[in-house]
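Student: Residue-level listing of the chains:
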Amino acid sequence: MKLIKKRNTAAVDGTAGIGLGFKGEAVTRRTFMQRSGLAVGGTAIAGMAPFSMLRAEEGKDTAPKAGVETEIRRSICTHCSVGCGVMAEVQNGVWTGQEPDFESPINLGAHCAKGASVREHGHGEKRLKYPMKLTGGKWKRVSWDQAMDEIGDKILQIREESGPDALWMAGSSKASNEGSYLQRKFAAFWGSNNVDHQARICHSTTVAGVANTWGYGAMTNSYNDMHNAKAMLFVGSNAAEAHPVAMQHILRGKENGAKMIVVDPRRTRTAAHADQFIRLRPGSDVPFIHGLLWHIFENGWEDKEYIAQRVYGLDDIREEAKKFDPKTVEDLTGVPEQEMYQCAKTMAEHRPGTIVWCMGGTQHHIGNNNTRAYCILQLALGNIGVSGGGANIFRGHDNVQGATDVGPNCHTLPGYYGLSEGAWKHWARVWDVDYEWLKGRFDMSRKYDAGGGKMAYTMNIPGMPVSRWIDGILEDKDNLSQKDNVRAVIFQGHAVNSQTRGPDMKAALESPRLDLVVISDPYPTHLAVMSERKDGVYLLPTCTQFEQAGSVTASNRSLQWREKVVEPLFESKTDAEVLYLLAEKFGFADRMFKNIKMDGKMPNPEDTLREINRGTWTIGYTGQSPERLKMHMANRHTFNTTTLQAEGGPADGDYFGLPWPCWGDAEMKHPGTPILYDPSKPVAEGGLCFRARFGVERDGETLLAEGSYPQGSEIKDGHPEFTADMLKQLGWWDDLTAAEKQAAEGRNWKTDLSGGIQRVAIKHGAAPFGNAKARCVVWQFPDPVPIHREPLYTARYDLVSKYPTYEDRKAFWRLPTRYASVQAKDYSGDYPLVFISGRLVEYEGGGEETRSNPWLAELQQDMFVEINPADANDRNLKDAQWVWLEGPEGGRIKVMAMVTPRVGRGVIWTPFHFGGWFQGEDLVDRYPEGTAPYIRGEACNTATTYGYDSVTQMQETKATLCQITPA
Amino acid sequence: MARMKFLCDADRCIECNGCVTACKNENEVPWGVNRRRVVTLNDGEAGEKSISVACMHCTDAPCAAVCPVDCFYTTTDGIVLHDKDLCIGCGYCFYACPFGAPQYPQQEAFGVRGKMDKCTFCAGGPPADNSDDEYAKYGANRIAEGKLPACAEMCATKALIAGDGDLIADIYRKRVLKRGGRPDTWGWDAAYGDKV
Amino acid sequence: MKRMLAISLLIGLAAGLAGCYDEPGVTVYEPGVYKGDHDPLLDKMASEDHRETLQARFRTVQTDR
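Residue numbers (my numbering), protein chains in the order written: chain C, 230 to 1196; chain Z, 2 to 197; chain E, -1 to 63.
Don't read these hints as lab results, they were simulated from the structure. Remember, predicted model here, so these are calculated numbers, not experimental data. Even glycine gets a Cβ: it sits at the ideal position worked out from N, Cα and C. Mixed in with the good hints, there may be bad ones.
[Claimed, not checked] DSSO-like cross-link-like pairs, simulated, lysine-lysine; straight-line CA separation at most 27 Å:
no. : chain 1 : residue 1 : chain 2 : residue 2
1   : C       : K459      : Z       : K148
2   : C       : K712      : C       : K814
3   : C       : K294      : Z       : K148
[As the list claims (entries may be wrong)] Residues from chain E shown here face chain C by an in silico Cβ test under 10 Å; the list is partial:
no. : residue
4   : L40
5   : D41
6   : T58
7   : R63
Take these sequences, add in the hints, and give me the full structure.
Tutor: Printed below as a string of C-alpha cells:
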C-alpha cells in the first residue's frame, strides 16, 4: 500500500472559491448588520442577481489593471448639497478607482456611504441601456430616432388639440446648472410654465419664507463657517444621515466649544451628538420658536441695537410671542418649560449661534410660517450676517441650489426674476429672441384665474408644481387655470415616489386623459412600474453627472466645476442633448441654442454657463465664469478650510467657488460672498447688507436700514436698490463707461446687461440691491406674522378649533387647493399615529440610483417603519414583523416593523427612499429586463395624504396620520 | 518601528457607513462580505454611540495562533495578512477572533464556506504588489503605493484614523484636549459626573 | 517442490515490490510558522523611505486641515 506523501504546503486548487466572488454570491444577512437583523429568505436570494456574476456576463471588468495608464478626473459627488470632491481614476475609459479628494476645502477627502460608492456609476449594471417603449404591457427596445419621432409627434398633436400647457415637465435638481437652466429655457420656448423640480417638495417654503424676510432665500453662511459657531440649533435636520460630511464641520465646531441642540420628533443620529435633545411634536415648530422667543423677550436677551438698525416689525412678533407662555408651549409642542428655557438660554449666552433646518421644518402646509419663524429667532438674537451665525439651510440634492437659482421652477424664470412681463422681456433680451415671438409660443387665447381674483395669461401664471402634477390630470379641466388637463408628462431626472398620495398618482397614470409618459432618467424609476398602464410610456436612458461636464452649486452657494469622468454609458444621452433633440423636433432648436456652441448634439456646458452669466444679475451668477471656476478647482488646496478664502496662489483673495452673489462680470473679479448680509467687510470683498426688496417705507415707518451699512460704503445708511436714475441722482452716473451708459440707461441693477450699475455701486461701497431692514412681517403672505395652525391631519384634534387651517382656495397655482375641507373631519380615532418620514444615509431621494448600487443596497435591505415599544405592545407587534401601515386617504403599505425607542410614543417614522412595490405587491416583473434595483420596497408616499403649503404648494409630509396593524 | 493601527473616535462616528462602502469600492468585495462594519450601541436611545470595526491587526493575533495551515503572517509594522492559496476555509480563525473579522463568501443559502476574507489594512497579500492577481484575490494594496487604508481616508468626519499608532495617538490627544473635558470625553462622566 | 518455488517467488516478488517503494524523507511540521508565499510588500516596508512616505501621507490626510 502506497502511502501518500504529506506536503508542506496545502494543495492549491486553481481559483475555486477564492474570496472575491468569481462565483455567484448569494445574499447573506448578518445579525449585526445595523438597522434590521433579519435573514433574507431563499426567495429573496433567487430574486437577486449577484453583482459579480453579472459583471462576468456583461464582460466589463471594472477592477483596476496593473501597468495601464491611469488618468485622474475631478468631479463632485452627485448625492447631496455638501458638494464633496471626488477623484476618479480612469483607465482606458473605464472608471477603475476612486481616491479621496483631500485638497477640496469642502470635504477634505471625506465621503459618506454614498460618496464612497460613486464609482459604481461607471459600472451601471442596472442602468437603462437603450430607449424602450411600453406596448401592451411589455417593454420593447426602440431606437433613439424612433423614440424621439413618436414622442415628438404625439406632443405636437397634443399641443394642437389642447395647447402647450397640456405638457407637464419635471426637470431635475441633479442636473448641472447648465442642464437645469436649459430645462427652464426649453419650457419657455415650448410655451408653458409647467416645469418644476425637487426644490418644490424640499425647500420651497424656505426660499419663499427666507427671501421674503431679508432678500435671498439661500443658506447664509456655509458648512465650513460652522467651525466658528458658539451654538448650533438643529430643527428638523438630521445632518448625520442627510449631510454626513457636514457633520465633520459641525463636530469640529463642537470641539471648538459650540453647544449643539437638536430638536426633532426622533432621537436621531444627529441628536446622539447633541448637548441637548428636545423631542418635538410634529408640526409644532411655530409654537416652539415663539416659545423660545417668549423666554428671550422675557429676559431681555434680544440684541436691541441690531434690531433697531436692521430689523423691521419685531414688535408684532413680541405680541404674538406673548401668547406662547411655557404652559401653552408645553401643551402644543410637548416640550417642558425647563427644556425650553435651557435652549433659549444657551442660544442667548452663546452667540454667534446658527440655526439649521431641513425637511422637518419645511414640509408642512404652514412651512412658510416655520421658515420665517426660524429667521425671526435669529434676527432677534442678532445672529444674521456674522461668522458663526446665520440661517444655515442644508439643501438636499447635489444641485438643488443651482436648479432653484437658474433652473426649472414653475413660478419664475432663471434668477428669481418671476414671470411678469418685465421678467420675460429681460430674458428675451438675454436669449436674443424677439419678446413677441416668445409670447406667441404661449396660450394667448384668453386669461385665466391667477388666484386672489386676478386674471392673467398662462405665461404670467406660475405653472403646476411637482407636488400637484397628478391633479393636473385628475381635476376637472374647468377648474384649472389653463386650457385643458395635462395630457403628457416628461420626467427628466425626477423620482415620483417622493410625492404624496400614491394611489391618486396611480389613478392619474392610468387615466385615459394621460396620453404620454416620458421618463428621461438613468434608471426606469418607480414611475415606470407603479401603475398598470399598458401603453404610451417611453424610457430614455439619460446620463448621470459623471458622464458630462458642468457646474454645480453647493448649499453654501459655491459653484464647483465637474469634469467628465467617463463617456456616456450604453446608449445614454445627457439631459441637454435629449432636450436638444426635442427642440429640433419642435422646430425651435436654432433659436434656443443660438448663442450656445454645439458639441455634436450636446450643448457646450461652458457656453451655457456663459449665457447664465450674461443674464442672472439678481443673484450674482454673473462673475462665475467657467474659467474662474476651473481655476478654483485646480487650486482648491490653497483655500482655507474655515474661511473658504484662498491664501496665496492664483485665486488669492477669492472665496472657494465664488459663492453667489458674485457681482458684476468676470472681469470685475468679485471674490464671491461667503457670508450673506455681513456688513463687516466691504461689498467688494464679499460683504453685504439686507436687500431692499419690499419698498422704502410702510405705514410711515422706514424699511431701510438705519445706521448699519457695509464697511466702506459711501452711503452711510440704508438706501433703496440701484437704478440708472439713482446713479444720476448720486452723481455717480459718469463713472460708467460709454458702453455701460448705453446699456444701463433707464434700467436697474437687475436688467442692466452690461453690469455697469453693479460695478459702480460696488465701487462706491454700496450693495447694488439696496440696504434695508429684514422684515418680520410679510404682508403679502396669508399669515403676515407667522402663526401656528394644526396640520390638516392631526392627532390633536382638540387644538383645531383654536389653531385652524386656511379656507379652501379656488385657484392656487392653477389648481383648486383644499385646506379647511380636509381638516373638517377628525381622523385621529381611526388613525391615531402621527406619520413622519425622512432619510437614510445609504440612500438618496427616490432611491432608484442608490438602491441599484450593490455596495449601498446591501446595507439597507428592507423598507421598515420605526415604532415605539409602547405603540408596538398596544398592537401586539414584534420587531421585524410585517405590518400594514394605512393612511386616512386609503393608501396602505406593507412594511417591516422596527421596534425602537428612537421615535416617541404616538409617532412613527419611515424612510422615503424605497420604491418598486405597490400596496404589498413587489413590482419586480414590471421592470425592463435587468433594470430592477437590487432592493425594492414600498414607497412611503403611497400612504401619505393631501396637504399643501399656503404659499408654495409644498407637500405636508412631516405631519400626517396612519394606523398600523399586523399583516 | 511604529505599528499600523486603526482608531475609531466614537465621539465623531456618525454611523454613515462611508468606511464600509469605501472598503467595498476599493477592494471590490462581493455582496455578503463586509470587511468593515459599524457597530452601534444603544441604538435610538440616549447615549447612542457608534464605532467602526474591522480587523484589529492584533500583535498576538488569535487567528494566526489557531490556523491549522499557518496561512497568516504579520508585517514588520503590525499588519496581519494571510495567504488565501493556503486557506482551507475551516473557520477556526472566525472562532478565535473576538471582533468577527474573518468573513466567508457564501455560495448558497446554507453556507458552504469559501476562502477566508478579511480586512488587509489595504496591504493586499502575498502575490506581487499591485498586480492583477493580488487585486483579484485580496483587493487593493494601498500601502505599497504609499497610501493609507481607504476606509480611514474616506471617513466622513475623520472619526476613523489609520496609520502609525504614534501619530494617531497625537491626533486623539489633541482632540481630547480640545474637547476640554466636556462630557464627551470617555470617562468624564465616571470621574466627574455631569455637575462639572 | 514446484509449490515451494512458486511461494518463494511470490515472497521474493513481494519483497521486491516492498523494496521499490520510495520513502524520500519524514515531513516535520512546524506549528505557528507561516507556510505561504513570500510577500514582496515586506521587502518594501523594510526601507525607511516607505515609512516616511506613509507618515507624510498620514499628516496630509488624517488630520483636520
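Student: Let me make sure I understand: some of the numbered hints might not hold for this structure. Which ones are they, in numerical order?
Tutor: 1, 4, 5
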